[in-house]
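With our numbering applied, the sequence shown closes on residue 945, and no number is skipped along the way.
I should point out that these hints are in silico values taken from the structure, not numbers from a laboratory.
Since the structure is predicted, the reported quantities are computational estimates derived from the model, not experimental observations.
Be aware that one or more of the hints could be misleading.
[What the hints assert, rightly or not] In silico BS3-like pairs for lysine-lysine, Cα to Cα no more than 27 Å straight-line:
| no. | residue 1 | residue 2 |
| --- | --- | --- |
| 1 | 941 | 894 |
| 2 | 885 | 839 |
| 3 | 863 | 764 |
| 4 | 876 | 764 |
| 5 | 543 | 637 |
| 6 | 941 | 911 |
| 7 | 637 | 675 |
| 8 | 914 | 933 |
| 9 | 885 | 914 |
| 10 | 873 | 839 |
| 11 | 905 | 894 |
| 12 | 764 | 675 |
| 13 | 764 | 798 |
| 14 | 764 | 873 |
| 15 | 696 | 798 |
| 16 | 679 | 863 |
| 17 | 885 | 875 |
| 18 | 793 | 839 |
| 19 | 876 | 839 |
| 20 | 543 | 641 |
| 21 | 764 | 811 |
| 22 | 798 | 873 |
| 23 | 941 | 905 |
[Said to hold, decoys possible] Label pairs and their calculated CB-CB ranges:
| no. | residue 1 | residue 2 | range |
| --- | --- | --- | --- |
| 24 | 814 | 580 | 29 to 39 Å |
| 25 | 829 | 580 | 43 to 53 Å |
| 26 | 564 | 894 | 44 to 54 Å |
| 27 | 699 | 847 | 29 to 39 Å |
| 28 | 915 | 847 | 26 to 36 Å |
| 29 | 700 | 546 | 17 to 27 Å |
| 30 | 657 | 836 | 57 to 67 Å |
Cβ coordinates follow ideal geometry from the N, Cα and C atoms, glycine included.
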Amino acid sequence: MFPDFIHAMLQKLSKQGFQAYLVGGCVRDVVLGMKPHDYDIATNARPEQIIEIFSPENCSAYGRAFGTVGVYYHNGFAEITTYRTESDYTDYRHPNQVYFADDISEDLARRDFTCNAMAWSPATGLLDKYHGKKDLEHHILRCVGVPSARFREDALRILRGMRFSAKLNLKPEIVTHSAMLAGAFRLKYISAERIFSELCNMLMGDNITEILLTYPEILAVWIPEIYPCIAFSQHSKHHDFTVWEHIARAVGNAPKNLTVRMTMLFHDIAKPACYQVDSKGGHFKTHAEKSAVLANAVLLRLKSDNYLRKQVCRLITLHRTIPDTMPEVRKLIGNIGYEEFALFLQVLEADRISKLINQAESDRKIKKLAELAEICKNQNLCCSIKDLAINGNDLLKLGFQGKQIKYILNSVLDAVISESCLNQKQVLLSFVKENYL
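With the sequences and hints as input, model every part of the structure.
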């Protein structure tokens, strides 16, 4: 059930006269039949005793002030934490004081949800005072103790609850659900980095569409750009959901790739601000470009890494354009590369299948686009300056300098892509001489 190095750690603590239990997510995952990603051990041994037992060279005491010691043992790693209780929270995230405890029951009582308040040891088996196993069997997310108190202590638990709901298909019971909504305003006191981390994890859940539809107001504490989308009817023959319903469906219909799912979360976020109506119905001209601008602002606010932010914004800008000729496809591949082009196809498909009407034409266009890209790749067609049979050094030898070189190479690339010039060195040099010397 658990790896050998974990059993060895538990046994070593026990032989020294201490209690030791696996706790939290690793126990929850095993109950669900999943393989844990990491392991947490709770014990009545104090940090200095943990370090003495496992020897200092095997320990990383980065969380020692809170009772946590990282331990490397028998080619494995686990965090071992002293049983603890906590005082009042004044910043909606961290306790004012941590107190070490002597009993596992005190430690479990401070945890967020029943599914995370289970403990296991070889000697006792599963300890489940708060019926977390039963809640998991019934797909229920329930707080330990009074939900409003749990979320008042640490507002990030609200997003953690949404993450567990999205990834483990757990539905918050009514009191927990109400407390999540009522306490959401406290999320503004949580750091952007922690908000963004939870958002990224949440987006990877199988149940993310339902969570986005149920809790948009919670996300809007940090992303107020969501508010106008929530009940905005698109008034268009091409759409059968509100803007937010379409967004939520698009996220859930996208592959589990963070870039693609983040793109879908923001791809239509500027639609309400772009809405225009005429005799043909509602229109959202330039919404892709404006959605990219809003996405950029939000991701900067959430302190996303630059690579993800820029890639998401590019894909949002592109999502309303489906090239249908080989030259257009080659130019796009040259601009973004085959790897990002594959993500672009996933964005288009997630957008297409997230509405119930008028899919046939967009389906045809996306399939044609994919076919043209496949031909381009299989035939190794020239798509970018680096694919040209000549380079900057060749132009230097002809006497060109500085910005001239980039301009000419781009012109040569256009000629090759438009098939007015073969991508052969002598042919390209002749082209340059005829047109620029």
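Each hint, compared with the structure:
1. 941 to 894: Given pair residue 941, residue 894 holds - Cα atoms ~20 Å apart, limit 27 Å.
2. 885 to 839: holds, 13 Å
3. 863 to 764: holds, 19 Å
4. 876 to 764: holds, 24 Å
5. 543 to 637: holds, 23 Å
6. 941 to 911: holds, 17 Å
7. 637 to 675: Status holds; Cα separation ~24 Å.
8. 914 to 933: holds, 17 Å
9. 885 to 914: Holds, at roughly 25 Å.
10. 873 to 839: The given pair, whose Cα atoms are some 17 Å apart, holds under the 27 Å limit.
11. 905 to 894: holds, 18 Å
12. 764 to 675: Satisfied, since the Cα-Cα distance of roughly 11 Å is no more than 27 Å.
13. 764 to 798: Roughly 25 Å separates the two Cα atoms, so the pair holds.
14. 764 to 873: Answer holds: residue 764 to residue 873 is near 23 Å, not above 27 Å.
15. 696 to 798: Answer holds: residue 696 to residue 798 is near 25 Å, not above 27 Å.
16. 679 to 863: holds, 25 Å
17. 885 to 875: OK: residue 885 and residue 875 at ~15 Å, within 27 Å.
18. 793 to 839: Holds, at about 24 Å.
19. 876 to 839: Given that 27 Å is the threshold and the Cα spacing comes to 16 Å, the pair holds.
20. 543 to 641: holds, 16 Å
21. 764 to 811: This hinted pair holds, its Cα atoms lying about 21 Å apart.
22. 798 to 873: holds, 24 Å
23. 941 to 905: With a Cα-Cα distance of about 12 Å, the restraint between residue 941 and residue 905 holds, given a limit of 27 Å.
24. 814 to 580: 29 to 39 Å: Holds: the Cβ-Cβ distance is about 33 Å, inside 29 to 39 Å.
25. 829 to 580: 43 to 53 Å: Roughly 51 Å apart at Cβ, these two residues keep to the hinted range, so it holds.
26. 564 to 894: 44 to 54 Å: Roughly 52 Å apart at Cβ, these two residues keep to the hinted range, so it holds.
27. 699 to 847: 29 to 39 Å: Given about 31 Å between the Cβ atoms, the range holds.
28. 915 to 847: 26 to 36 Å: Holds - the Cβ-Cβ distance for residue 915 and residue 847, about 28 Å, lies within 26 to 36 Å.
29. 700 to 546: 17 to 27 Å: About 24 Å separates the Cβ atoms of residue 700 and residue 546, which means 17 to 27 Å holds.
30. 657 to 836: 57 to 67 Å: Between residue 657 and residue 836, where Cβ atoms are some 58 Å apart, the hint holds.
Hint compliance for this structure: every hint is met.
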